[in-house]
Amino acid sequence: MKRFKRSPLFWPTMGLCAVLLFDLIFLPGFFTIQLKNGYLYGRVIDIVNNAATLMILSIGMTLVIATGGTDISVGSILAISGAIVAQMLGPGQTARTPLAVCLLVALAVSAVLGCWNGMLVAVVGVSPMVATLILNVAGRGIAQLITGGQIPTVIYKPFCMIASYVPGMPLPFSVLIVILMFVLAELYTRKTSFGMFVESVGTNATASRYSGINAVMIVFLTYVISGLCAGVGGFITTSIIKAADANNAGYLIEMDAILSVALGGTKMTGGRFSLGASIIGALIIQSLTTTLYAWGVPPQVLPVVKAVVVILICLIQSEEFRGLLGRIGNGERKRAHA
Amino acid sequence: MLKKLLRSKYFPIIITSVLFVVLFGIGSALFEGFFSLQVFLNLFIDNAYLIVIATGMSMVLILGGIDISVGSVIAMVCMASAAMLRDHVNPYLVMLLMVAVGAAFGFTQGCLIQFFKIQPFIVTLAGLFFARGMTAVINTTSINIKDPTYVAISNAKIPLPGGNYVSPGVVIALVLLAAASLVMTYTKFGRTVYAIGGNEASANLMGLPVGKTKILVYTVNGIYSSIAGIVFSFYMLSGYTRHAVGAEMDAISSSVIGGMSLTGGIGYVPGALFGVLINGTIQTLITFQGTLSSWWAKIVSGLLLCAFIVLQRMILKNKGVGES
Numbered sequence: 043m044k045r046f047k048r049s050p051l052f053w054p055t056m057g058l059c060a061v062l063l064f065d066l067i068f069l070p071g072f073f074t075i076q077l078k079n080g081y082l083y084g085r086v087i088d089i090v091n092n093a094a095t096l097m098i099l100s101i102g103m104t105l106v107i108a109t110g111g112t113d114i115s116v117g118s119i120l121a122i123s124g125a126i127v128a129q130m131l132g133p134g135q136t137a138r139t140p141l142a143v144c145l146l147v148a149l150a151v152s153a154v155l156g157c158w159n160g161m162l163v164a165v166v167g168v169s170p171m172v173a174t175l176i177l178n179v180a181g182r183g184i185a186q187l188i189t190g191g192q193i194p195t196v197i198y199k200p201f202c203m204i205a206s207y208v209p210g211m212p213l214p215f216s217v218l219i220v221i222l223m224f225v226l227a228e229l230y231t232r233k234t235s236f237g238m239f240v241e242s243v244g245t246n247a248t249a250s251r252y253s254g255i256n257a258v259m260i261v262f263l264t265y266v267i268s269g270l271c272a273g274v275g276g277f278i279t280t281s282i283i284k285a286a287d288a289n290n291a292g293y294l295i296e297m298d299a300i301l302s303v304a305l306g307g308t309k310m311t312g313g314r315f316s317l318g319a320s321i322i323g324a325l326i327i328q329s330l331t332t333t334l335y336a337w338g339v340p341p342q343v344l345p346v347v348k349a350v351v352v353i354l355i356c357l358i359q360s361e362e363f364r365g366l367l368g369r370i371g372n373g374e375r376k377r378a379h380a
Numbered sequence: 012m013l014k015k016l017l018r019s020k021y022f023p024i025i026i027t028s029v030l031f032v033v034l035f036g037i038g039s040a041l042f043e044g045f046f047s048l049q050v051f052l053n054l055f056i057d058n059a060y061l062i063v064i065a066t067g068m069s070m071v072l073i074l075g076g077i078d079i080s081v082g083s084v085i086a087m088v089c090m091a092s093a094a095m096l097r098d099h100v101n102p103y104l105v106m107l108l109m110v111a112v113g114a115a116f117g118f119t120q121g122c123l124i125q126f127f128k129i130q131p132f133i134v135t136l137a138g139l140f141f142a143r144g145m146t147a148v149i150n151t152t153s154i155n156i157k158d159p160t161y162v163a164i165s166n167a168k169i170p171l172p173g174g175n176y177v178s179p180g181v182v183i184a185l186v187l188l189a190a191a192s193l194v195m196t197y198t199k200f201g202r203t204v205y206a207i208g209g210n211e212a213s214a215n216l217m218g219l220p221v222g223k224t225k226i227l228v229y230t231v232n233g234i235y236s237s238i239a240g241i242v243f244s245f246y247m248l249s250g251y252t253r254h255a256v257g258a259e260m261d262a263i264s265s266s267v268i269g270g271m272s273l274t275g276g277i278g279y280v281p282g283a284l285f286g287v288l289i290n291g292t293i294q295t296l297i298t299f300q301g302t303l304s305s306w307w308a309k310i311v312s313g314l315l316l317c318a319f320i321v322l323q324r325m326i327l328k329n330k331g332v333g334e335s
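Residue numbers (my numbering), protein chains in the order written: chain A, 43 to 380; chain B, 12 to 335.
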């Protein structure tokens, strides 16, 4: 227990528990899970399924933020990836191009876009926010260019299964993708030296360079990984709505992804990171959303709650604020003594 | 000569203004009726609100901060004014109230950034969500503004020689731009902002009022965004939850094209005007062309942004600073 309390997962898990506890008390039936035709249905399953895109994006975003950067282009890359798949599959019941080819092409393009971001940040030395702003602005234009300004629909069955159920598995397929991506990322960052190098670059890039770490390569790679994650996120989003909406797919999702990482306790200035904590951060956001919908809050009002949560969590993480609280607490104790 | 020009601190703004002239020249050569004073003035009329937020954003960028809440504040101001005007509140009182709301909003963000050392990006991200959500709390659908004073201001045309005109919004925008430029260049406050953007720790050691200045800049930017909201409500005559979506990114890209650097301490506020005008000219060119689809505007302005960023890096490397 003591070890868990010191783990980076502690505070995010507590946050998630707080939201779920609220649901348990105030929303009867929130945790009901039904088994229909061998598939599981229920609000909790919905939360995990709807959070899939965000969880995957937060994996890439965690690594980028750990190096001290930000990637605000993921929403646009997601839209481009979705547009490519939808355009290549075509609108019919049968696929125009084999599904595997479509997915590979979309992933390759996402990786190239990630390379572009990485090159600007790591090689040219542009500040991350501006470098990724370019694709944030131009990316949706490119996605619209691919779809020709239309919103192509996809009804090809195997593709639609990505965000729904595959025969023989009770959980949505997207959950499996998340687990796979998470395990891969966790293995790559913790079983190789990559994760440690990322933390080292994020803590002090100059010192890392002097100690022989190829900081340029490390930073570059994090943006490529973030691009790839956005590409996979594009598949799931497109599969959920069964269409590629170049303008609205993943709109403002980069902000949610950054928020998940912040909720997970990774500092925006870089340094130590925890992929698991960011995933829990993404789950907090989605369960908060689902809770408020179930509570009857209109979707447009949701951002207010999000804003308050962000500020509260940042205040708790801020040393200055904790110091202030400590002083107030001490003052009260003194008064009680007198 | 060329080297001297390249090393000049006015170099980015010279490039930006030359590019604007070139773009406008291309338009005039390609399309009949493009080369007229009114087309030029329309750039100001259609982008008045953007000039205001780009000016405010430039000050924040020079400080070394960022504010991504401005677009949402515009939406909130439009919706709040529309709701109050529907209930027949005095229009001038509404404008005053909105400026006060903007100031309070900016002040709060500044305090959170300064006192609790939370990243400006995260604080203003929360601001973005908060203001957009508050817009929906006031009203989830759109409200039209029918107040006679607002309608009169919206329809007012300030005549210029040759039968051309500008809107009152343009005058407001240019006055705010001039005020910000003068303050940033000629006052102690302005120099302090540049000093903080250059190196906050040194500014602190020099005994400059870092905290006070930072909070003040965010407050001023809040006021600028709320005035931009008022200008936008003159232009649109309505309140709507999705007004000015993404305007913060337009403002940042205009400022960067205008020569501001995101690392802080570099840039001239008037450059922001040229950034806005360039983005506006691209829009106008595509409208005049007629067959090109609107998304090309996004792609072209993305490319321009990219070109300017690379240019800035080259200048910085030439001067041997900004190695990080």
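To be clear, the hints were calculated from the coordinates, so they are not data collected in a lab. Careful, some of the hints might be misleading.
[Said to hold, decoys possible] Which residues of chain A face chain B? A partial, calculated answer using Cβ under 8 Å:
#1 Val166
#2 Gly167
#3 Ile176
#4 Ala180
#5 Asn256
#6 Pro340
#7 Val343
#8 Val346
#9 Lys348
#10 Cys356
#11 Ile358
#12 Ser360
#13 Phe363
#14 Leu367
#15 Asn372
[What the hints assert, rightly or not] Calculated pairs, BS3-like style, for lysine-lysine (alpha carbon to alpha carbon, straight line, at most 27 Å):
#16 Lys128/B - Lys47/A
#17 Lys309/A - Lys199/B
#18 Lys309/A - Lys47/A
#19 Lys78/A - Lys284/A
#20 Lys20/B - Lys128/B
#21 Lys223/B - Lys199/B
#22 Lys284/A - Lys47/A
#23 Lys309/A - Lys199/A
#24 Lys309/A - Lys223/B
[What the hints assert, rightly or not] Covered by chain A, per the in silico footprint, the following chain B stretches (three or more residues, Cβ under 8 Å):
#25 32–38
#26 104–117
#27 131–138
#28 234–240
#29 301–307
Glycine residues also receive a C-beta, built at the ideal position from the N, C-alpha and C atoms.
Cross-check of the supplied hints:
1. Val166: holds, 6 Å
2. Gly167: holds, 6 Å
3. Ile176: holds, 5 Å
4. Ala180: With Cβ-Cβ at 2 Å, under 8 Å, it holds.
5. Asn256: Cβ of Asn256/A sits 17 Å from chain B, so the hint is violated.
6. Pro340: For Pro340/A, the interface hint holds, since the closest Cβ of chain B sits about 6 Å away, which is under 8 Å.
7. Val343: holds, 5 Å
8. Val346: holds, 3 Å
9. Lys348: Since the shortest Cβ distance to chain B is 5 Å, the answer is holds.
10. Cys356: holds, 5 Å
11. Ile358: violated, 10 Å
12. Ser360: holds, 4 Å
13. Phe363: holds, 5 Å
14. Leu367: violated, 11 Å
15. Asn372: Not OK, violated: Asn372/A not within 8 Å of chain B, min 19 Å.
16. Lys128/B - Lys47/A: Given that 27 Å is the threshold and the Cα spacing comes to 25 Å, the pair holds.
17. Lys309/A - Lys199/B: Violated. Lys309/A to Lys199/B sits at ~34 Å, over the 27 Å cutoff.
18. Lys309/A - Lys47/A: At roughly 18 Å apart (the allowed maximum being 27 Å), Lys47/A and Lys309/A satisfy the hint.
19. Lys78/A - Lys284/A: With a Cα-Cα distance of about 23 Å, the restraint between Lys78/A and Lys284/A holds, given a limit of 27 Å.
20. Lys20/B - Lys128/B: violated, 31 Å
21. Lys223/B - Lys199/B: holds, 13 Å
22. Lys284/A - Lys47/A: violated, 42 Å
23. Lys309/A - Lys199/A: This hinted pair is violated, its Cα atoms lying about 42 Å apart.
24. Lys309/A - Lys223/B: holds, 25 Å
25. 32–38: It is violated: at least three residues are needed, and the stretch 32–38 of chain B offers just 0 whose Cβ sits closer than 8 Å to chain A.
26. 104–117: violated (count 0)
27. 131–138: holds (count 6)
28. 234–240: Violated - the stretch 234–240 of chain B has 0 residues with a Cβ nearer than 8 Å to chain A, which falls short of three.
29. 301–307: holds (count 3)
Hint violations for this structure: numbers 5, 11, 14, 15, 17, 20, 22, 23, 25, 26, 28, all remaining hints satisfied.
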